[in-house]
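Number of protein chains: 2
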Amino acid sequence: MRELEKLFDRIIQRVNINLRELAFDVNPLVRQLIPTGQMTKFYAFYGITPHHPLNLVFKHSNLSGSYFLGRCRVTNSLLYKSDIRGDELKKSGDLFQYQEFNVPVDQDEEIRIDDCYLIKTLVHNFSHDPETLERFFIRDTVSTHYANIHGSPADGCYLGPFATVDLTTMRDCVIGAYAYVQAGEISHLKIEPGTVWVRNPDDFNFMYRYPLNQLNNYIYFTAGSQPQGIFMDFVEDRKEAFQRVFKVVNIETPVTVPANASLDRFAVIKPKTRIGDNVLVAQRAFLQNSTLGKGANAQENCYIINSKLAGNNVTAHGAKIIDADMGTHVFVGFNSFLRGRPDARLTIGKESIVMPHTIIDIRKPLTVKPGSLVWGMVGNAEELEANSMALKDFAKIHSRISRGHMLFEGSGTNFVNAFQERIHHILEANGAFYNGNLNRGHAQKNQNISFNTIQPYPKGDKEGMYPTIIIQP
Amino acid sequence: MRELEKLFDRIIQRVNINLRELAFDVNPLVRQLIPTGQMTKFYAFYGITPHHPLNLVFKHSNLSGSYFLGRCRVTNSLLYKSDIRGDELKKSGDLFQYQEFNVPVDQDEEIRIDDCYLIKTLVHNFSHDPETLERFFIRDTVSTHYANIHGSPADGCYLGPFATVDLTTMRDCVIGAYAYVQAGEISHLKIEPGTVWVRNPDDFNFMYRYPLNQLNNYIYFTAGSQPQGIFMDFVEDRKEAFQRVFKVVNIETPVTVPANASLDRFAVIKPKTRIGDNVLVAQRAFLQNSTLGKGANAQENCYIINSKLAGNNVTAHGAKIIDADMGTHVFVGFNSFLRGRPDARLTIGKESIVMPHTIIDIRKPLTVKPGSLVWGMVGNAEELEANSMALKDFAKIHSRISRGHMLFEGSGTNFVNAFQERIHHILEANGAFYNGNLNRGHAQKNQNISFNTIQPYPKGDKEGMYPTIIIQP
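Going down the list, the protein sequences come from chains A and B. Just so we're aligned, residue 29 is where the first sequence starts under my numbering, counting upward by one. Just so we're aligned, residue 29 is where the second sequence starts under my numbering, counting upward by one.
If you are wondering where the hints come from, they were derived from the structure by calculation, not from laboratory data. Among these hints, one or two may not hold up.
Unchecked claim - If we take Cβ atoms under 7 Å as the criterion, some of the chain A residues that face chain B in the derived model are:
| id | residue |
| --- | --- |
| 1 | P78 |
| 2 | L82 |
| 3 | N83 |
| 4 | N228 |
| 5 | F232 |
| 6 | N233 |
| 7 | Q472 |
| 8 | K473 |
| 9 | T481 |
| 10 | I482 |
| 11 | P495 |
| 12 | P501 |
Quick reminder that beta carbons are idealized off the backbone N, C-alpha and C, glycines included.
The shape of chain A in the complex, shown without the other chains (with noise of 0.2 Å):
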């Protein structure tokens, strides 16, 4: 295992430097988190579909457990069961609209992933900063449990458990546990644990602090140990299910999936589940005792439990919902913890913006009124009302607004319509309109995947390391 000690050490030592400034040390937080023992246990996979551009190079890496799809490089780093979804990534000859600019796609965009070390990472969508259109980098960066890293190239940064970058080009920056960041463009700086922070610079701004004793009971991480919390045992709780999934070559589908819907082989269904038109559940997504009407989707460790949800819902990465009721049109975002009891459950009206990274854990049953933009820590009908306004009551800011943790800057109309456009693209790209002749999205694209295994070296100097492997159209 020589080669993998070495390659550790220099991707820990590459991220030190670029986080020198803000006197940050990698190396205790992430030592000893996975056991060099299992990086040479579970095999990566990637899957061939006729619909994405297909060019994956591995150089010098381990992979261990990760997926890739559509365009991509890996050059010595470590990816721990991480998802490397290229599936919206641009083509040659696309135009890439930014402001007053209409900049033409050069070649097929490639997620190029160097000297990183990625821990259960979700990397999606494709690179939205117009000064690299072509290439969505991840270079000298270590992310750990959880955290998304979604249209947003990345130079020298770390990522806590179950952060989210979205949309960001981030250089030499610490994002801590739970922190969701949607800024342009960022450097230099550190994020702490449980900030939610959108900004579109000169337009609006919207700060969120989860008060962090609360936070800690659902996510905490420090060096030496584990992330804890409620978060992690929810996801650990579940486990085993996903290890079935995954010593299967060929798995049965446990229930009916209509034509034009798609279910990934490697998400967990468990019984009374019912898969709608037009719904797409990605790899690594659980799904039990649920509805998902038509439209509807769950993304990768997406959780959706005892729930009901109508239609055209988003749920995104790492989202969970259980005992709750989910009107159309309902969007809930990264990572977002939703849990009503069984004698407690959870109403969201139709419409409703959950926003990114919020947590909403009751033992009484509570509504959110149709039309609601929620956020951050709610535990009660006093906190949701603390955190959360109409949409349209939102729209109307003009200036400034503070409530509770949460500081809001400029245009709301901005911001709401932002979010909207933003929920619809999510929808249209996902296939939630197809009409069994336009809009194909991802729902019908992803239904004809074949994956393919490969393992590292399982002995020698080399071992934990893949060989060099190729894939061409």
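Dock chain B against the given chain A, drawing on the hints supplied.
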């Protein structure tokens, strides 16, 4: 599937052009043999080990259910459930001895398969042709069920079911069903079904021909239907056990395997099987209620059932041993079919050589004396008498002998020595002589293989075609 069909037509045309002089048309024989739907159904897989130079290139091919080890390049070919086993290829720097020449090997040898259609075919060993040391080529060739291409470069050939070409370079040849050819270099020959031919030019010539009316019960192949007979029924009856082995990612070893032995994870091991020291069991071998003594082996497509192998037994590719007791150092050649019965065991005395393509199928107990050479069709004691000789007597032949359907000319001593030396080499290569330190062979080197799986495009014009895949160290 347009590409796949075009590729099929292209291969058939190329082979037929090569075989035009023999007026042989492979088209009616193989067109319906494997429905195209079958070709998209099974994953292919390749082994990663620290011991075999890794260098795989797959281009514009279908590889359904096939297995690859070592350095191999496949272009414009259809490989259906075939084994391409490059664990005995020459390495750069080796010296290849041929008669008085000592030829240095310039680069790692590669198995190179171009424009071929191979069905359930085994490719193994290395090019024995001094004219092509670094390239074990197989091109413009069609081979059918359970054929063996062993150390035999081939250009423009057809092999019938259960045919074997061994240590022979062949051009524009037709090898009939269950024919065995070991003849150095051949071209423009049509070898009839059931021919067993071993020739060392200017040294010896062994020729046996199966009575066709008897052979047809075992294997019969004609245009418009699948190969038929006892051989096919026998493997079809045991197919399901293999399906189980292929459908899981990791499999538990059902028996105790000594530290110096290796049992491939794609072998079928039924209850009451015992594996001794230094034993090698290859993929697609089938063991049931049998004991493999120290240094014994079972190669690809071998079936060993209700039998005891005392030790240092070679069971060559495709050989079957049922209800039999085999003494030490018994060699059973390619595709031999040795079937005792529960109430009529077959006993083969130590150090006997069962020639490739021998059928012993008995209803009463039968004993082959130690040190015998056996060939051809043996159903009872009388036929054994006609189809065997003591090796020491055979070694006394100086000019010529004819017995029933067998004709031998040349030096019996050289014939026997050549066989015995080769058996020794096989045991050595397989690791039968490993003493915990010296003489490592496949049994020791193949213990730690990782397998990667690859699959074709699932839909569209390219359905069934594999993407270009390049694997390097």
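Self-check item: Structure versus earlier hints - violations, ascending order
Solution: Result: hints 3, 4, 5, 6, 7, 8 break, sorted rising.
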